[in-house]
Amino acid sequence: MEIHVKESTIIRPAHETPKHCLKNSELDLLVPSIHVPGVYFYRRPNNSSDFFEAGLLKEALSKVLVPYYPMAGRLGRAENGKFTDINCNGEGVLFMEAETTCVIDDLGDFESNTILLKLVPNVDSTKDISSCPLLVTQVTHFKCGGASLGIGVYHTLADATSVFHFINAWAEMTHGISISNFPFIDRTVLEIGVPTCSKFHHIEHDPPPSINNAPIDQNPRPISTAILNMSVDQINTLKAKSKENYGPTNTLNFTRFEILAAHIWRCLCKARGLSNDQVSKLYFPINGRSRLNPPLPSGYFGNVIFPGTSLALSGDIISEPLSSTCERIHKALMRMDDEYLKSALAYLKQLPDVMVLRRGSHTFKCPNLNVSNLCHMCVYDANFGWGRPMFFRPIAVSDGVGFILPSPNNDGSLYLVINLETQWIQLFRKFFYEILV
17 MEIHVKESTI
27 IRPAHETPKH
37 CLKNSELDLL
47 VPSIHVPGVY
57 FYRRPNNSSD
67 FFEAGLLKEA
77 LSKVLVPYYP
87 MAGRLGRAEN
97 GKFTDINCNG
107 EGVLFMEAET
117 TCVIDDLGDF
127 ESNTILLKLV
137 PNVDSTKDIS
147 SCPLLVTQVT
157 HFKCGGASLG
167 IGVYHTLADA
177 TSVFHFINAW
187 AEMTHGISIS
197 NFPFIDRTVL
207 EIGVPTCSKF
217 HHIEHDPPPS
227 INNAPIDQNP
237 RPISTAILNM
247 SVDQINTLKA
257 KSKENYGPTN
267 TLNFTRFEIL
277 AAHIWRCLCK
287 ARGLSNDQVS
297 KLYFPINGRS
307 RLNPPLPSGY
317 FGNVIFPGTS
327 LALSGDIISE
337 PLSSTCERIH
347 KALMRMDDEY
357 LKSALAYLKQ
367 LPDVMVLRRG
377 SHTFKCPNLN
387 VSNLCHMCVY
397 DANFGWGRPM
407 FFRPIAVSDG
417 VGFILPSPNN
427 DGSLYLVINL
437 ETQWIQLFRK
447 FFYEILV
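Position 215 of the sequence shown, counting from 1, maps to 231 under this note's numbering, and the rest follow consecutively.
A couple of the hints might just be wrong.
[Said to hold, decoys possible] Cut-off 27 Å, straight-line C-alpha distance, at most; resulting in silico cross-link-like pairs (DSSO-like, lysine-lysine):
#, residue 1, residue 2
1, 255, 365
2, 79, 255
3, 259, 215
4, 215, 22
5, 215, 257
6, 79, 35
7, 39, 159
8, 347, 365
9, 35, 74
10, 215, 159
11, 365, 215
12, 259, 159
13, 74, 286
14, 74, 159
15, 446, 257
16, 259, 74
17, 22, 74
18, 39, 365
19, 286, 347
20, 347, 215
21, 215, 255
22, 257, 159
23, 257, 286
None of these hints come from the bench; they were simulated from the model. Only a predicted model underlies this, so the values are computations on that prediction, with no experimental measurement involved.
The whole structure should be built from the sequences, with the hints applied where relevant.
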């Protein structure tokens, strides 16, 4: 797919914004140091002459950058040369307008990372990015009349909750309606009640298990993406499976995420052909805003991601009832209460350099995985005035990274976007659907 860039502009806040350095918390410094990409797709409604018109989008973007002013900043260096804060200097964000002779239907099932990455501005994270915009955006018009909106946000700046709040606020501003989620910028509230010493052993920050008898050839292997749809009936089938062999006296009902994560973990252990004695670690991001006490404002702008984890032998995950794996994940989730999260913050503050624990592609690769639940993120609320997105696709290019998302039809169905070594994709797909028949 060929992309022709028509315009590339830096958009600055419409009004003067506070100029200061926003210190990154330990949680901000733990996430991958990359621009995280994602793409929305929109069908053009009938009789819409201003569909995704660049002028409207840029004007609204400039306005929404006033309350969301850290988005318009740059990474700031500390004396040790590391990026430990955000320089809120109002230098702006990147807005690109592009076009292609392709139609949206040419993209098929939206599984090709190579094609989708052309719809998001490229940022070379291996170079000095201190002068690079923290937010990059690209509107691409298709021959069929539809459009895509590609977004890349530097992860140190914000987590998924903050990013979706921002995108939806931009959409509301374009649509001419009031912003429903204003950002809360003060990051010092994250430090309230944090003890001087940690109280627990935080296994989530232990080194990820490595593969037993790793092959001598350590060259990178090709990565592919699978998108697996789950109907309401299939989800209910999986829920019923999670209650088998669980005992008549146990009344615990596992959540949809616990059941899906357990199923994904089992299928991946099988698809990868892991030995029975291979330790595997499941990671799942936890939004700490409501789990902390007192809770953080829902609009807290930054990263409040705590990594939940469950550790088990592959042989156990494959052989035990689905309910047992669900229970492992449930216990790991229940562990993440206020006391545990504040202990985790205390542990991170004690470290000389928290960035040695930074998560990335090395964390989630075989034999491990990361599953993010985006079902409560208001993904499909990004209505810029021309209707809801027809599809949203997070883009990741690392092995073992998965996302669970709600259907754009809002009918209770879900879809899984998962990135794996290409050699495992078809087996994973086979195992994923076998139990659902």
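Compare the distance between the alpha carbons of residue 365 and residue 215 with 27 Å, and conclude whether the hinted pair is satisfied.
holds (13 Å)
Within 27 Å, alpha carbon to alpha carbon, are residue 39 and residue 159?
Not satisfied, since the Cα-Cα distance of roughly 44 Å exceeds 27 Å.
Residue 257 and residue 286: Cα distance at most 27 Å?
Within the cut-off at roughly 18 Å; holds.
27 Å Cα cutoff - pair residue 215, residue 159:
Not satisfied, since the Cα-Cα distance of roughly 58 Å exceeds 27 Å.
Holds or violated: residue 259 and residue 74, Cα atoms, limit 27 Å.
Violated, because 51 Å separates the two Cα atoms, which is more than 27 Å.
Pairwise hint evaluation, residue 257 against residue 446, where the allowed Cα distance is 27 Å at most:
holds (17 Å)
With a cut-off of 27 Å on the C-alpha distance, tell me whether residue 39 and residue 365 pass.
Holds, at roughly 14 Å.
Pair hint outcome, residue 259 versus residue 159 [Cα-Cα no greater than 27 Å]
It is violated: about 49 Å lies between the C-alpha atoms, which goes past 27 Å.
Is residue 257 within 27 Å of residue 159, Cα to Cα?
Answer violated: residue 257 to residue 159 is near 45 Å, above 27 Å.
Can you confirm whether the C-alpha distance between residue 347 and residue 215 stays at or below 27 Å?
OK: residue 347 and residue 215 at ~18 Å, within 27 Å.
For a C-alpha distance cap of 27 Å, please report whether residue 286 and residue 347 respect it.
holds (23 Å)
Holds or violated: residue 215 with residue 255, Cα cutoff 27 Å?
violated (35 Å)
Figure legend: structure checked against the earlier numbered hints; hints not met, in rising order: 1, 2, 3, 4, 5, 7, 10, 12, 13, 16, 21 and 22.
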